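Visitor: Start from the sequences and build out the full structure, keeping to the hints where you can.
Position one of the sequence shown corresponds to residue 1 (this note's numbering), numbered consecutively onward.
In short, the hints are calculated from the structure, not lab data. Don't take every hint at face value.
Derived DEER-like restraints, expressed as beta-carbon distance ranges [to be verified]:
hint : residue 1 : residue 2 : range
1    : 49        : 147       : 50 to 58 Å
2    : 180       : 230       : 27 to 35 Å
3    : 244       : 151       : 52 to 60 Å
4    : 231       : 161       : 27 to 35 Å
5    : 130       : 21        : 18 to 26 Å
6    : 122       : 192       : 47 to 55 Å
This structure is a prediction, so every number in the text was calculated from the model and none was measured. C-beta atoms are modelled at their ideal positions from N, C-alpha and C, and glycine is treated no differently.
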Amino acid sequence: SACIEPDLAKSEAMLRRAERAARIGCWELDLSTGLMVGSEGAIEVFGFDRCDDLLKQALDAAIPECRPLFRQALDDLIAGIAPYDIEFRVRRPRDGRLVDLHATAEYDRASRTVFGVVEDITVRKAAEAELVESEGRYRSLFQDNTSAMLLIDPEDGRIVDANAAAAAFYGWGRRKMRSMSIHDINTLTREEIQSAMGAAAQLKRKVSIVNDADAAGIAEMRFGQGAGRRGVVIFLTLGTGVGSGVFVAA
Numbered sequence: 001s002a003c004i005e006p007d008l009a010k011s012e013a014m015l016r017r018a019e020r021a022a023r024i025g026c027w028e029l030d031l032s033t034g035l036m037v038g039s040e041g042a043i044e045v046f047g048f049d050r051c052d053d054l055l056k057q058a059l060d061a062a063i064p065e066c067r068p069l070f071r072q073a074l075d076d077l078i079a080g081i082a083p084y085d086i087e088f089r090v091r092r093p094r095d096g097r098l099v100d101l102h103a104t105a106e107y108d109r110a111s112r113t114v115f116g117v118v119e120d121i122t123v124r125k126a127a128e129a130e131l132v133e134s135e136g137r138y139r140s141l142f143q144d145n146t147s148a149m150l151l152i153d154p155e156d157g158r159i160v161d162a163n164a165a166a167a168a169f170y171g172w173g174r175r176k177m178r179s180m181s182i183h184d185i186n187t188l189t190r191e192e193i194q195s196a197m198g199a200a201a202q203l204k205r206k207v208s209i210v211n212d213a214d215a216a217g218i219a220e221m222r223f224g225q226g227a228g229r230r231g232v233v234i235f236l237t238l239g240t241g242v243g244s245g246v247f248v249a250a
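Guide: Next up, the structure:
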């Protein structure tokens, strides 16, 4: 119908714009001639500095450790062994910048041509690397920390996570603690706890919620008479009431 018949020039312009926005491009390799042609998007993604001999440029641009993968994936596709779906890194000839690319392709046996799509995934790979690093920091600062630590939802006091030290300190497994609330394990009143958590959320800073006996016991074990002691240490606080704590140091 007339409403879906595109003007050719406009259609090509929209395609180029879409490729730039999505950082993708398409290419076709004729196995009979060895000729590879690419769209403007593919030329830009690879960073080619000229439009001839694209196959050689692509192979040369791939960093040395990725070149065998590049070739093997194409051979496997043609032989029908595996689909062409690879991630690899290239150094763009135009500006020398290292970029991460993802390519997929299909093989037309009748015409002996390979048609593929290539996508610049540099931003995604950087985000994945940052996530891995962040998870590593989380494990180091939280999960593997020898101090008892809890992640608490400030809205309702729900325990989102507890590290192994907290599970050992409170005597419940981590899975059990994730089903509990800070109100279940703290001796402060609900109003006092909510006030402290509200302050933490408002100030966007870390706030530890402990009663006075726990705080005194932890301080004494770290900085006072209990520092460096091994075995079982029983701590008593005397004031308007009596507080107690038992610490086990291996």
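Visitor: What hint numbers does the structure not satisfy?
Guide: Violated hint: only 3; rest satisfied.
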